[in-house]
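Peer 1: Sequence order for the protein chains is L, R and Y. Position one of the first sequence corresponds to residue 17 (the numbering used here), numbered consecutively onward. Position one of the second sequence corresponds to residue 25 (the numbering used here), numbered consecutively onward. Position one of the third sequence corresponds to residue 41 (the numbering used here), numbered consecutively onward.
One or more of the hints may lead you astray.
[Unchecked claim] Straight-line C-alpha distance at most 25 Å; calculated BS3-like pairs for lysine-lysine:
| no. | chain 1 | residue 1 | chain 2 | residue 2 |
| --- | --- | --- | --- | --- |
| 1 | Y | 142 | R | 53 |
| 2 | Y | 231 | R | 256 |
| 3 | L | 307 | L | 326 |
| 4 | R | 142 | Y | 142 |
Just so you know, these hints were derived from the structure itself, not from any lab.
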Amino acid sequence: MTRSNATRTAVATLVAGTFLSVSACGLGGSGAADVREGRKTGEVLGEITFRTLQLKPKFTAYVQGVIDAFEKKYPGAKVRWEDVPGDGYNEKLVADAQAGALPDVVNLSTDSFQLLGDRGLLADVAGLDPEVAKEYVPGAWEQFKLPGKGQGVYAYPWYVTPEILTYNRELFEKSGLDPAQPPTTVEQFFDYADKIAAASGGRYSAFMADPKGRLPGDWQKMGVPILNGTQDRFVFDTPKAVEWVERMKDLYAKGAMPKESLLKSDDINQLYGGGKLVFGPGSPGFVKDIKQNAPQIYAGTRVAGAVTGKLGHIGIYAQSLGIKKDTKHLDAATEFAKWVTNGPNQVEFSKNATIYPSNAQGLADPRFADRGDGTDAETVARAVGAQQLATAALDANTPVQWTNQVGDAVVREMQKAIQGEQDPKTAVHKAQEAANQLLAKSART
Amino acid sequence: MTPGPARSARARRKALAAMEAETGLVHRKWWIPYLFLAPGLLMVALFSLWPFVNTVVLSLTDAQILRGGTFVGFDNYTRAFADPDFWTAAGNSVLYLVVVVPCLVLLPLALAVLVRAKVPGIGFFRSAFYTPVIASAVVVGLIWQWVLRSDGLVNTVFLRLSIVSEPIPFLTDSAMLLVSAMIVTVWKGLGYYMVFYLAALGNVSPSLHEAAALDGAGPVRRFFSITVPQVKPMMLLVGTLSAISALRVFTEIYILGGESGGPGGGARTLPFLIRQVGLGFSGETGYASALSILLFLLTLVFSLLGRRLSKGDER
Amino acid sequence: MRAAPRARLGLAARYASLVLMLVVMLGPIAWQFLTSIRGRTENVYDGVLPERPTLDNYVLVAESFPLLQYVGNTLIVAVLAVTSNMLFAAMGGYALSRAGWKGRTSVFTVLVATLMFPFESVMISMFLTVREMGLVDTLIGVWLPGAVSVLNIMVMRSAFLAVPREVEESAVLDGAGEWTRFTRLFLPAAKGALAVVCITSFIGAWDDFLWPLLVLTDSDHYTLQLGLKTLAGATTTNDQRIIAAGAMAALLPMMLLFFALQRFFFKGVGEGAVKI
Numbered sequence: 017m018t019r020s021n022a023t024r025t026a027v028a029t030l031v032a033g034t035f036l037s038v039s040a041c042g043l044g045g046s047g048a049a050d051v052r053e054g055r056k057t058g059e060v061l062g063e064i065t066f067r068t069l070q071l072k073p074k075f076t077a078y079v080q081g082v083i084d085a086f087e088k089k090y091p092g093a094k095v096r097w098e099d100v101p102g103d104g105y106n107e108k109l110v111a112d113a114q115a116g117a118l119p120d121v122v123n124l125s126t127d128s129f130q131l132l133g134d135r136g137l138l139a140d141v142a143g144l145d146p147e148v149a150k151e152y153v154p155g156a157w158e159q160f161k162l163p164g165k166g167q168g169v170y171a172y173p174w175y176v177t178p179e180i181l182t183y184n185r186e187l188f189e190k191s192g193l194d195p196a197q198p199p200t201t202v203e204q205f206f207d208y209a210d211k212i213a214a215a216s217g218g219r220y221s222a223f224m225a226d227p228k229g230r231l232p233g234d235w236q237k238m239g240v241p242i243l244n245g246t247q248d249r250f251v252f253d254t255p256k257a258v259e260w261v262e263r264m265k266d267l268y269a270k271g272a273m274p275k276e277s278l279l280k281s282d283d284i285n286q287l288y289g290g291g292k293l294v295f296g297p298g299s300p301g302f303v304k305d306i307k308q309n310a311p312q313i314y315a316g317t318r319v320a321g322a323v324t325g326k327l328g329h330i331g332i333y334a335q336s337l338g339i340k341k342d343t344k345h346l347d348a349a350t351e352f353a354k355w356v357t358n359g360p361n362q363v364e365f366s367k368n369a370t371i372y373p374s375n376a377q378g379l380a381d382p383r384f385a386d387r388g389d390g391t392d393a394e395t396v397a398r399a400v401g402a403q404q405l406a407t408a409a410l411d412a413n414t415p416v417q418w419t420n421q422v423g424d425a426v427v428r429e430m431q432k433a434i435q436g437e438q439d440p441k442t443a444v445h446k447a448q449e450a451a452n453q454l455l456a457k458s459a460r461t
Numbered sequence: 025m026t027p028g029p030a031r032s033a034r035a036r037r038k039a040l041a042a043m044e045a046e047t048g049l050v051h052r053k054w055w056i057p058y059l060f061l062a063p064g065l066l067m068v069a070l071f072s073l074w075p076f077v078n079t080v081v082l083s084l085t086d087a088q089i090l091r092g093g094t095f096v097g098f099d100n101y102t103r104a105f106a107d108p109d110f111w112t113a114a115g116n117s118v119l120y121l122v123v124v125v126p127c128l129v130l131l132p133l134a135l136a137v138l139v140r141a142k143v144p145g146i147g148f149f150r151s152a153f154y155t156p157v158i159a160s161a162v163v164v165g166l167i168w169q170w171v172l173r174s175d176g177l178v179n180t181v182f183l184r185l186s187i188v189s190e191p192i193p194f195l196t197d198s199a200m201l202l203v204s205a206m207i208v209t210v211w212k213g214l215g216y217y218m219v220f221y222l223a224a225l226g227n228v229s230p231s232l233h234e235a236a237a238l239d240g241a242g243p244v245r246r247f248f249s250i251t252v253p254q255v256k257p258m259m260l261l262v263g264t265l266s267a268i269s270a271l272r273v274f275t276e277i278y279i280l281g282g283e284s285g286g287p288g289g290g291a292r293t294l295p296f297l298i299r300q301v302g303l304g305f306s307g308e309t310g311y312a313s314a315l316s317i318l319l320f321l322l323t324l325v326f327s328l329l330g331r332r333l334s335k336g337d338e339r
Numbered sequence: 041m042r043a044a045p046r047a048r049l050g051l052a053a054r055y056a057s058l059v060l061m062l063v064v065m066l067g068p069i070a071w072q073f074l075t076s077i078r079g080r081t082e083n084v085y086d087g088v089l090p091e092r093p094t095l096d097n098y099v100l101v102a103e104s105f106p107l108l109q110y111v112g113n114t115l116i117v118a119v120l121a122v123t124s125n126m127l128f129a130a131m132g133g134y135a136l137s138r139a140g141w142k143g144r145t146s147v148f149t150v151l152v153a154t155l156m157f158p159f160e161s162v163m164i165s166m167f168l169t170v171r172e173m174g175l176v177d178t179l180i181g182v183w184l185p186g187a188v189s190v191l192n193i194m195v196m197r198s199a200f201l202a203v204p205r206e207v208e209e210s211a212v213l214d215g216a217g218e219w220t221r222f223t224r225l226f227l228p229a230a231k232g233a234l235a236v237v238c239i240t241s242f243i244g245a246w247d248d249f250l251w252p253l254l255v256l257t258d259s260d261h262y263t264l265q266l267g268l269k270t271l272a273g274a275t276t277t278n279d280q281r282i283i284a285a286g287a288m289a290a291l292l293p294m295m296l297l298f299f300a301l302q303r304f305f306f307k308g309v310g311e312g313a314v315k316i
């Protein structure tokens, strides 16, 4: 008797638990509907949480300084700073969002911005304070609009890291190329790689295949349209895109790329730093890495503007600060985010790190125009990066619709084609079909 | 296993008698074992069963990451069965299990026997063999890439010795990539399961070995006729655990085959597919949950098969 | 007299195989160690052996983040996990190994089944549960879900299964109660398995990354693995030497623990009350 009662209780608990957990786990929707929007009161008061992406311990002093100055200016406000490592950052954000416990001010990468913004968990900062737009580089500001969400901007632009071109001067010369004439188009880049492959005798490679990182950027630079006019279908199945696959396939067979780089490219620093790769990663941060880890290779590293092809300019990828939509202290949160991203604070930050301000005033700082004597790669990289940022525009960015899943689906077809297991034409066609299927699925709301 | 409701009184008496025979003189109240198990059961209920119920419910919806879903019945399951990616992944997972489990049941036992001897410095060797278990995945990945690349250690040696004329595509061919990942899994598992066997071997009496040696039995024969029968319960446990972890393999494929999971995704296992489907901006929580449930069912089938096999073996 | 050279040959063969295995197994750690002692001006990607070995990188690791504090936090979690797992897993394993109670097969089946749930699919729910309990950002919250793992219960069960019923019966005849039998008879008979549980739960707690990351927000509460991740970062520079030195520093305590415990694997026979 007792035991059957116990069984019944257990079943009842389980059933009740199911309903509870269902509502907890997002079936009831943790979307915009149940988020109670925060309101402005005009007073900067209260304790807010501020989450950054991997800034401790290197920038502890800088960030703490920014916070202290803010608290001094607004004595009624208090900032609790949490710094989270890069690995697992997005998982933690999702778990916190699921629990309704996002920080008030949170550093977002492109992916996490899209996710949280699309789900209605971020405040529209343009709606709160339209004037603030002119503080930032236009591209950076525009980047935080979302398709289908009108003129709203859902995060404050923070620091930017531009794309550049890095290469090994010695290997360049060995392959009969002129280090003063770096490639500027994708086609030319491939021509150079062809020469390098012919001259290397298998001792070094030209570049990492890395189709995931290369697309859709390479296509955009070759003038391939990615989306249709209404932005709801992929249309990259063009002869140009097929040509890209054919050249990649040809170069891969000739040994212009490490065979394994078709699948993963995380050993790029090892290869470049070991003198086995001509073109290194395209970020200023990498130049600093190489300086630390491979001083000899660093000495022979040259830096130039990124390959931009038909576009003529690079895209712009800014880190951002989002405001939790239902924050209790909206005034403090927005004022603080503006404070962190203002000109002086961003310039100060860029002195400590290989980053660039998204703030118009910050980018005008003279230190970004200084090329030194033109031999130190780190200094040149800073100047080249800043120079490119001046003309950067969003049409060179990966479209929002090209999600990680779309990228994976396209890359799978490309890998088969580059390895010669599939005809390039078929590959591009199948890739577009798969991409459109995914797009249709995520459009469902 | 579960008797029908209309179990006769005679059958019940028979069962009671059987239980009596099984327990002999040891009598205990029915709740005592539960008292002993209480902490374990509580943890399991809170942190495994409860979330699992959640997963089951989610698998019947079209929920996406951070977006509520609606009930869609078994749509996610029918979608999985119609998805060639699912079948490839399930096939890879099963293949993984079939190859890796026998290796992980036998090789660590051999290793344990090797380091069991009380010879000088053996403690150092035992500890050293355990290090792969605690090495970071990133470093393990880098080292094995360095060994298996097309211009890596193995290929360089093989080419030099003219064993092959073309580099073996350990990492760039889906089937070879699976084999390479299996090698890494076995390599990591050697030290881990060695420890389990060392504990079990502690109970094997050395006098048995001495007696057999006097009878002229060589080391190999002694291994199979004395050691193996003695550690059989542990072999069963290792078999179960390694089967479960083989069906969960993600990291090895990821560190060797990149985020696409081999060329064209051909080396993806079920857990790999689950992550790819469930994470990120368009993460489909509902579909990923359904795939998780299918993975669970697959594991269940294999562990039942394993029990059947081991029972048949005992007879 | 014939036996001596033969034994020596056997010993040589044994050492030969041991050394061969050593090379295969020790590779990654050795490589990481070599990287960690490379000098500041060296190219870390070139060659294997350091040209100008130094211990400076270890000093830098200790200086760049509160190493001792993180080690302390991790030790708290690890000690809790080891204690709770050894006790509760032994209790659970004991119950499951003893015949004659209703529901044994069902409980066993359910427990094994939970081993098969993929962690990723239950992670978010686990997090929400720990949150509900108010344990976010506490070390207790980090420890709790792993307080007693089913795997360890299985290990203990399999060790206790080896204890014959006759031994238990004679203890009953001597008037020993259930708890006495458990602590005086069964636990000593399973020292090796207890050592296994100790090692696996210690390493589990020491190595875990994703779960502590979800639970902890204040970096004062960080465990060592979280702290180590801050050594390599997107905006910070990726100095391979420092990263390697950090990893080595995290590894050393585990190696020491293992070295200290491995002798226990062999004390089951002769010491305990059980002779097989």
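Peer 1: Now tell me if each hint is right for this structure.
Peer 2: Hint-by-hint comparison with the structure:
1. Y:142 with R:53: Roughly 10 Å separates the two Cα atoms, so the pair holds.
2. Y:231 with R:256: Holds: residue 231 (chain Y) and residue 256 (chain R) sit about 18 Å apart, inside 25 Å.
3. L:307 with L:326: violated (32 Å)
4. R:142 with Y:142: At roughly 44 Å apart (the allowed maximum being 25 Å), residue 142 (chain Y) and residue 142 (chain R) break the hint.
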